[in-house]
Amino acid sequence: MADYEIPETREFPIIPTIMEGAMAHSSPFVADEEFQTALGFPYPTGKEKGELIDGWKQKFLDLLQDKLTKYRSVQVFMDICVKCGACTDKCHYFIGTGDPKNMPVARQDLLRKVYRRYFTFAGKYFPKLVGAIDLTEDVIREMYSYYHQCSECRRCAVFCPFGIDTAEVTMAARDLLAHIGLGQKYDNQIIAKVHSIGNNLGLPGPALADTLEGLEEEVEEDINVKVRYPLDEKGAEILLVAPSADFFVEPHVDGLIGYGKVFHAAGVTWTLSSVASEAANFGLFIGDYANMRKISLRVRDAAKELGVKRIIFGECGHAWRVAYNHLNTLAGPWDFLDPNYPVPQHILEFTKDCLDRGILNIDKSENDHMTLTFHDSCNIARASRIGEFPGSQFVTPREVIKAVCNNYHDMVEETIFDQTFCCGGGGGLLTDDLMEIRIKGAQPRLEALKNVSKDYGVTHMAAICAICKSQFTKILPYYGMTMDQIVSVHQLVSNAIILEGQGEESEDSDDTEAA
Amino acid sequence: MNALSILYVILFYVAIIVLVAGVTNKLLQYKRVPAPLRIPVTPAPITKTGVIYRFFTEIVFFNSLFRSTKWTWIFAWMFHLSLLLAFFRHLRYVISPDSFIWPLVNNEVIQSFGHYAGFTMFIGLCGLFGRRIFVDRVRYISSPSDYLMLLLILGIAFSGLMMSYVAHTDIIELKEFILGLFYFSWHNLPGDAVLLTHLTLVLFLMMIFPISKLLHAPGLFMAPTRYQVDNPREVRYLSEWGAELEADGRNK
Ligand code: SF4
Ligand code: SF4
Ligand code: SF4
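The listed protein sequences derive, respectively, from chains Z and H. My numbering numbers the first residue of the first sequence as 1 and each following residue consecutively. My numbering numbers the first residue of the second sequence as 1 and each following residue consecutively.
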C-alpha cells in the first residue's frame, strides 16, 4: 500500500475550511495516440503526449459553441447559477480534500468563466466584474485536473435550488478536452477495448467461454447442482448484460453466480453474449454521445443475433444509468422484444419478482455470519429507478437484501438514498494514477460505514455497482477495514438460495432408501 | 413636461423592452437547444402532474435549498417572499382604480403585508450578504457582480423603505406618471431624490435581468434535471441531431 495521507473519519461530519490548491497536483495520465484515434479524437502529431493540438484555442471555443447548441443542460446551467453556495459542501471530493475547486460550483466555474468571457455580454465587456477569464493553456490544465476529480455522481444536483448538475458540465468539459488532445488514458483505453473486443477487460470470446465453464464447475462442486452460465446461446429468452468485472473479479463474480442461480430457480432460459459482454459504458463518463451510442448498439446487435425476448442488466451503477435512461434513445427502438417487460430490466427487478412470487427457496440463516448495510450507488440512486415507482431504486435492493439476510442496518440518513455519497472511484476515476483523490473522496462514505459498524455491529456493506465494489475493495484497507467487507447483493442471494437437489448426495440417499 | 420626466419616460420604455425582449430571447434560445438525453435527477416524477408538483415545492418552499442549508434557505426564502409581497403592494401604483382588480390590490391585507415586507426583504438581503462575506466557501465563489447585485437590491429596498417611512413622495403625481406610460399620455414625474434613486435602480435591474444571473428565475423551468418526466423505458426520446446519427442504419 503506497503512502497517502488518509483523511480522518469522525463521529459527526465536519465541513472543512478551504485549502487552496490542495489537490492541484492531481491529474490523470493522458491518452496515447492509439487510444485517441480509436475514439475519433485528434492527437497532436509530431508533439509530445499531453501537448495540445495546433489551433487548440479556436477548436475549444468552437466546440463549446457546439455543446451550447446541442445540450440544453449545458446552456442553461452556464447561465442560471446564482452562486448561492448551497452545493459547496456537498461534494465528497471537497469534503475529503478541502480544495475549493472541488466545490461543485467552483468546478462548473472553470468552464463558466470561459463561457462568460466569450459568449456573454457581461463577460465580453466587463470580465473582471463577473469573473470571466481568457482561455489560456493554464486554464486548460486546470480543467483537465479538476474535471477528473469529479465522479459525475450528481449529489450536488440534488441540493442545487435550480437542479444544476455538475456532472453535465464535467462531461461536456471532458469531451472538449479530448477534442484538443487531452483524452484521459484510462477511459479511452477501456472504450477502445470495448469497441474492438467487446468488453472493458479486453476478454475475447473463447476466454470468456472458458471462464464461464470454470464457473459452472465451481458451482457444481459447491452445491452439487448443475447451474448453467451460457454464452451466445441462440433462442434463449433472456440476454443478460453484466459488467465484465463480474466474470472473475471478487466479489463481483459471486454476484454473477447469484444471477445464474436465480435464473435456474426461476426456470427461464438465458444467455450472456460475447458481443455485448460489457454492461459498462464509459462513453457516459467522457461525455461523448457517439461513443456511448456505439457501445450501446452492441447490445442491440447481440439481442437481434441471439433472438432473445428480454434484456436484463447485471449489477453496475453507471451501466444501469445508461441502460435505463439512454438505451432506448441510443440503441432503440426495441419493438422486436417482448412488450410485456420493460427494456431493459434490472436483475434486481427480476429477483424481486421471483421472491414476491415465492418461487425461490431461501434460507436466510446462511447469511447470519454477517450484519449488512447497503451502499446506494449514486448513478442508481440519482439517475434511475429499479421498480415501478419513484424511489423504488432505494426500496427494491433493500427488500431483496432483507429477504435473504436476517441482520440489516442502514447508514445515517444524510448519506443514503438520494443523499448517498459516491464511493470515490466512479465517473472514470477508477485508475491507479488517481489513487489519492479516490482515497480522499471515499472519506464521507467510509465515515458513515465506520459509524454504523461501531453503533450497530455492521460487518459488511452490500453494493450493486461494479465500480463501487472494485473501489471499495481497494480503498477499505486504507481506512483500517478489510477488502472482503464489501459484497455483491446477488452474492447474498446466492448464499441463501437453496436450489432443487442442492446438498443431496445421490449415493447417500440411495443408502438411506436401501436401509 | 420637464426634461427629467421625458428622460424617465424613455428609460421606462427602454427598460421594459430590454427586459421582455431579452428574457423572451433567452427562453427561446433555451427552447431551441435540444435535450438529447434523459437526465432527470431521481427520484423524479413519472407523470407531468408530478413534475408540476415538483416545481410547486421548489418555487413555493425552495425545497432543495431547504434540504441543503437552513441558513441560506431562511434568508433566501424571506427575501423572495418579501419581494412577492412588495410586488403586490406596488400594483396599487400601476392599476387604475376603475379596474376590476383594484379591490384585490387595494385592501388592508395586501397593503399592510407589503408595507412590512420592506423590512423582511432588507433582513433577508443582509443575511445573504453576510453569508457571502463570512462563509469562506461562499466568499471563494463570489465575483464582484455577486456582491453588487445584492447591494443593488438592498438599495432598492432601502430607498423604498425611506419613502414609506421618512420622505414620502407625491403618490398621486407618481401614479399619473405611471398610468400615463400605459396610455401613452405622459405626465410629469415627482422630482424628489429618493424616488428617483428608487426608480433608477429598479430600471437598471430590469435592464440587466436578461444578461445576469437573474436569469435563474425563468431558467429554473428549463433545467432538464427537474422538468423531465422519468419514463425513458416507456417513451423513446430522440433529438433531431441524435436522429441524424441513425442514418448509419444501425438502429434498424
Ligand atoms: S447550488 Fe446551484 S445555484 Fe447555488 S452555487 Fe451551487 S450550482 Fe450555483
Ligand atoms: S457530480 Fe459529484 S463529484 Fe461531481 S461535483 Fe457534483 S458532487 Fe462532486
Ligand atoms: S462507482 Fe458507484 S458510488 Fe461511485 S459514482 Fe459510480 S455508482 Fe456512484
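Hints are computed from structural coordinates only; laboratory data are not their basis. One should not assume that every hint holds.
Below are the SDA-like pairs computed for lysine to any residue, each with C-alpha atoms no more than 25 Å apart in a straight line [as the list claims (entries may be wrong)]:
| # | chain 1 | residue 1 | chain 2 | residue 2 |
| --- | --- | --- | --- | --- |
| 1 | Z | Lys70 | H | Lys31 |
| 2 | Z | Lys70 | H | Val166 |
| 3 | Z | Lys304 | H | Leu238 |
| 4 | Z | Lys304 | Z | Gly267 |
| 5 | H | Lys48 | Z | Gly267 |
Verification of the supplied hints:
Restraint check for Lys70 of chain Z and Lys31 of chain H: the C-alpha separation of about 11 Å stays at or below 25 Å, so the hint holds. This hinted pair does not check out: Lys70 of chain Z and Val166 of chain H have alpha carbons roughly 53 Å apart, beyond 25 Å. Our distance criterion of 25 Å between C-alpha atoms is met by Lys304 of chain Z and Leu238 of chain H, whose separation comes to about 21 Å. Simply put, Lys304 of chain Z and Gly267 of chain Z have alpha-carbon atoms about 22 Å apart, close enough for the 25 Å limit, and the pair holds.
For the given pair, Lys48 of chain H sits about 39 Å from Gly267 of chain Z by alpha-carbon distance, which is inconsistent with the 25 Å threshold.
Consistency note: the structure conflicts with the earlier hints numbered 2, 5.
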